[in-house]
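Residue numbers (this note's numbering), protein chains in the order written: chain A, 2 to 273; chain B, 192 to 525.
To be clear, the hints were calculated from the coordinates, so they are not data collected in a lab.
Since no wrong hints were added, every one of them can be taken at face value.
The calculated label-pair distances, taken between Cβ atoms and stated as ranges, are:
#: 1; chain 1: B; residue 1: K278; chain 2: A; residue 2: F120; range: 44 to 52 Å
#: 2; chain 1: B; residue 1: K278; chain 2: A; residue 2: S123; range: 47 to 55 Å
#: 3; chain 1: A; residue 1: L16; chain 2: B; residue 2: E306; range: 53 to 61 Å
#: 4; chain 1: B; residue 1: D211; chain 2: A; residue 2: I255; range: 57 to 65 Å
#: 5; chain 1: B; residue 1: D413; chain 2: A; residue 2: F180; range: 45 to 53 Å
#: 6; chain 1: A; residue 1: I255; chain 2: B; residue 2: E306; range: 46 to 54 Å
#: 7; chain 1: A; residue 1: R263; chain 2: B; residue 2: A261; range: 38 to 46 Å
#: 8; chain 1: A; residue 1: W190; chain 2: B; residue 2: P508; range: 51 to 59 Å
#: 9; chain 1: A; residue 1: L11; chain 2: B; residue 2: L244; range: 49 to 57 Å
#: 10; chain 1: B; residue 1: E306; chain 2: A; residue 2: G162; range: 25 to 33 Å
#: 11; chain 1: B; residue 1: A261; chain 2: A; residue 2: I97; range: 31 to 39 Å
The C-beta atom is built at its ideal place from N, Cα and C for all residues, glycine as well.
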Amino acid sequence: MPERLSRISLRSVALFYLLAILFIPVGLVFFRAFEPGLAAFWTAVSSPDAQHALWLTFICTIVAVPLNTIFGIAAALYVVRGKGPGRKALDAIIDIPFAISPVVVGLALVLVYGENGWFGSSLVSSGFQVIFALPGMILATTFVCLPFVAREVIPTLRELGDEQEQAAQTLGANSWQTFWRITLPSIKWALGYGIVLTTARAIGEFGAVAVVSGHIVGQTDTATLYVANQFENFNLPVAYAVSVVLATAALFVIFSMTLLQRRQERSIKEES
Amino acid sequence: MAIAVENVTKHFGDFAALEDVSVDVPDGSLTALLGPSGGGKSTLLRVIAGLELPDKGIVRIAGEDVTAHAPQKRDVGFVFQHYAAFKHLTVRDNVAFGLKIRKRGKAETRKTVDELLELVQLGGLADRYPDQLSGGQRQRMALARALAVQPRVLLLDEPFGALDVKVRADLRAWLLRLHDEWPVTTIIVTHDREEAMELASQIVVVRNGRVEQTGTPDELYDNPGTSFVAGFIGPVANFDGRLVRPHDLTVLDEAEPGTREALVRRVARVGFEVRVQLLLDSGDPVEVLLTRREADALEIEENDIVHVRSERSFDLPVDEAIAAGEEVAVPEPA
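Work out the full structure: start from the sequences and follow the hints.
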C-alpha cells in the first residue's frame, strides 16, 4: 500500500509540475489566440509583416539546420573516430553555444562582422552586409543551435564502436561507402533527434538574432522578434496568433520525430 | 608462402605490442596464433589485415608486399570476436555486403549468398536481423560474409571467444570441415590451447610481443623450445627438479633402478583419466596422470607407497613452465 501511495504522489507531483509550467501557459496562448475568432486569427497571421517575419524564420531555419547537421556529423566523427590533435578541445568547444547567453553571441557577431567590426568594414565596402541583414541572422541562428546534432551523435558513435566500420573496410568498402552504408544507418535515430532539436531551437531563437538583426519591422524581424514587438506595442491578439504558429511548427517537428521513433520500435518488435 | 610477416614491430605509445616478429604461413594451411591475452597476437592479425600499420617490417600476401596497402586492397576476410554484424542489415544483406561493394550482378550475388548461407547452415534465416540470431549463428554469418568475396586469406580474431563451451566445440568441428571443403589460407587467433591444437596444422606461440616458438602441435608439445611453451601448450609437473609431462611418469608397485619412493595422497578419477597426487620421499609433491586401466592394474589407493620413474623430461627451467601453465588457467577478460 505505501508503495502504491508513493507511486501516486510521485505521479501527481510530475503532473502538477508539467501543468503549472508547460500545459497551462502554452494552452492559454492557444486559447487567447483563437478567442477573437478564426477570422481575426487569420488576419493577424496573414498581414504582410507577419508573413515576412515567418518567412525569415523559415529561411534562417532551413539554412541553419543542414549546416549544423553536416557540421555536427563531421565534428562527432572527428571527436570519436579521429586520430588527430584537438579532439578533446573540440568536444568541449562544441558546448560553448549552450553555455553563452544568446545575447552575448549576438554582440560577439556584431563585434566581428559589424560596420566597425574586425572585417565588417571590408565586407560592407564590398557591398555585403552581414549585421542588420539576413546573413547575420542566419549566422546567429546557426551559432546558437550548433551543439545539438553533435551532442546527440557523439555518445551513439562511442557506443557503436568501430568494429562494424572495420569489418566494412576489410570487405572492400572505402571511407565514403563505409559512412553511407554502415555509420549513417547506425546513427540515424540519434541524428534524427539532433536535427529535431536543432530545428525546434532555430525556430525559437530570439536573443542572438535580436541583437544582430536590428529589429526592423517588415525587413529584419523574424517571427519571434515580431511576437515580442507586437507584445510590447500591446497588440496582444497578433502576438498570440503568431506565437501559436511558431509553437505549432515546433510541436509538429517534435511529434513527427516521436511518431517515427514509435514506428521504428514497432518494426523492431515485429521482426523479433 | 601465402602470408609472410617479416620483422614487424608495433608500439602503442610506450607499450611494445609486437617486437621484431616474423611468421610464415604456408598456402592453404590453418595456422593458430596462440598465447596469453595482451601478448600481441590480435595486434599481429590486425597488422596482417591492414587495420593497424606496423612501425617497422613488411607484410606480404601471396608474395606481394602489402605493408602500405589499405585493408580494402588486401583481399582478406576478417572475423571479429564480437561478430561485428551489421545490425541494420538482414543476414542476407550482411553476407552480400562485399559483393555489393564490388558491384557484382544481382543474380550472381544472390546465387553466391544463397550458396554461402547453405554452407554455414543459415539458409532458413536469411531474412532475419543479427539481433534475432544466437551468438554461434552470428559468428557463422560473419564467416560467410568474410568468405563471400573469396579472400586470399581468412583471418579469425578469437572467433569463438564469446561463445559457450558447447557451441565452441561444435563450431570448431564445423570450421575444420569448412576448411577441408574450402581450403583458404586461415589464421586463427586464440588463447585456448585445445582450440589451437585441434584446429591448426601450425601453431605460432606469441608472448610479450614476440614469437616464442613456431611448429606443428606435436613439435610444440613434444619439443618445446622454452619453458613457457612447455607449460602453455600442455600440462607440466615438477619431478624432482626436472620438468616432465604428468603422463610421462610411470608408477610401479616395486622399486626398480631409477625409481623414487612416494606416498599416494589423493586419487581423483576424472572420466577416463585418473589424477594421482604423490608426495615424494624428498617431501616434494607431484601430480601424475594415469589412464583408468593403469590405475586399476595398480589398484592404487590413498596412503599406498608407490615407486615413480620419469620416462622423459625437458631440459628447461621448471618454475617458469609451471607459472606458464597457471597463466592458461586465468580466464580471458570478456
